[in-house]
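Q: Listed in order, the protein sequences are those of chains A and B. Note that my numbering numbers the first sequence so that position 77 is 665, with each residue one more than the last. Note that my numbering numbers the second sequence so that position 51 is 541, with each residue one more than the last.
Wrong hints could be hidden among the right ones.
[Stated by the list, open to error] Subject to a maximum C-alpha distance of 20 Å in a straight line, what follows is the list of computed EDC-like cross-link-like pairs (lysine to aspartate or glutamate):
| hint | chain 1 | residue 1 | chain 2 | residue 2 |
| --- | --- | --- | --- | --- |
| 1 | A | 618 | B | 584 |
| 2 | A | 665 | B | 613 |
| 3 | A | 618 | B | 496 |
| 4 | A | 665 | B | 574 |
| 5 | A | 592 | A | 694 |
| 6 | B | 508 | A | 690 |
| 7 | B | 597 | B | 499 |
| 8 | B | 508 | A | 615 |
| 9 | A | 665 | A | 690 |
[Claimed, not checked] With the Cβ distance kept under 10 Å, some of the chain B side facing chain A (calculated, not the full set):
| hint | residue |
| --- | --- |
| 10 | 496 |
| 11 | 533 |
| 12 | 548 |
Keep in mind the hints are simulated off the structure, nothing from the lab. Every residue gets a Cβ at the ideal spot worked out from N, C-alpha and C, and that includes glycine.
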Amino acid sequence: MNPKVGDALEPFRFGPINPQAMVVWSEILKDPNPIHLDVEAVKAMGLGIRRINQGPANLAYLVNGVLQSFPRARIEKIVNRFVGNVLEDDLIVVSGIMTEVEVLADGQRVACDMVLAVEGRGPAVSGTVQVFIPC
Amino acid sequence: MPMIADPPDVTGYSLSGKTYTISTEENARLCASVGIAPARDGTAHPIYFYVATQVGMSETVAGLCAVCNFDVNDGPLLGGCSVEFDEPLMVDTEYAVTGEILSLTRKASKKLGIMDLLEYRLELSRNGRKVLTATNNWILPRGPAQ
């Protein structure tokens, strides 16, 4: 891949979101919040009828979308906002546009505007990611 | 309607103190959960910037909320985060976690009513050398606008 400003990253698609993965994330994050684990708790809080994925897992999908297009890249910076929820059984797609490309002696530095969107609902995570791609 | 107390002055509150090691097995579980294979060069998934700092800081989320006079059962929201890596994270490597609260600021929103915006910075270091700096922003809803 020869990065150029304005180029789109190959979309990264994932899903349906498996609630068993939320159990894994709850254990790793040591976060027992029932909105990730118990449908009845979600209903009781008036948050819908499906378990809610952990925000950092959503950000991990966004990172995957970057690494899919730049498999040898090293992540240098991430800035993101969580603007919506990803729920169990959702399908997500990560897309991105290259906004800066800097050619260096030992590689390239590329910045991208990224969005993770839930199919049928819209964005859940937005942000920018900067990577370094060695020669 | 009861008055909402002013947010406490928590700027500078230390979140330092623990260490975090990303095990090979845990990294593999996390990677599998998000649909990719773990790297073969010993690097961990980059999202561990969040996991390692958040789990390794000196307070749990509930404890951090309590420091801000906020009940975790009232639904804190992770608004966003940022990170700058000096080097990639590696599995089976012990990282020291340090950090502090940067600010707790009262705001009013049409959607969320009165809320406090919590910002804190966490760093990972290895053998005294900084590996990354992460900044997290949380929204602590306090109730309807008054």
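Q: Compare the structure with each hint and give your call.
A: Results of checking the hints against the structure:
A distance of roughly 18 Å separates the Cα atoms of residue 618 of chain A and residue 584 of chain B; the hinted pair therefore holds under the 20 Å criterion. Note on residue 665 of chain A and residue 613 of chain B: the hinted pairing holds, with a Cα-Cα distance of about 14 Å set against a maximum of 20 Å. Using a Cα cut-off of 20 Å, the hinted pair residue 618 of chain A and residue 496 of chain B is violated, with the two alpha carbons roughly 30 Å apart. A hinted pair counts as satisfied when its Cα atoms are at most 20 Å apart, and residue 665 of chain A with residue 574 of chain B qualifies at roughly 5 Å.
In summary, the hint linking residue 592 of chain A to residue 694 of chain A is supported, as the alpha carbons are separated by about 17 Å, within the 20 Å threshold. Restraint check for residue 508 of chain B and residue 690 of chain A: not satisfied, since their Cα atoms lie roughly 37 Å apart, outside the 20 Å limit. Between residue 597 of chain B and residue 499 of chain B the alpha-carbon distance is near 15 Å, which keeps this suggested pair within the 20 Å criterion. The straight-line distance between the Cα atoms of residue 508 of chain B and residue 615 of chain A is roughly 18 Å, inside the 20 Å bound, and the hint therefore holds.
Of the supplied pair hints, the one linking residue 665 of chain A and residue 690 of chain A holds, its CA atoms being roughly 15 Å apart against a limit of 20 Å. The closest approach between the C-beta of residue 496 of chain B and any C-beta of chain A is roughly 27 Å, which is over the 10 Å cut-off, so the hint fails. Hint status for residue 533 of chain B relative to chain A: holds, with the closest Cβ pair at about 8 Å, below 10 Å. The beta carbon of residue 548 of chain B is not positioned within 10 Å of any beta carbon in chain A (closest approach about 13 Å), and the interface hint is therefore violated.
Of the numbered hints given earlier, the model fails hints 3, 6, 10 and 12; all others are met.
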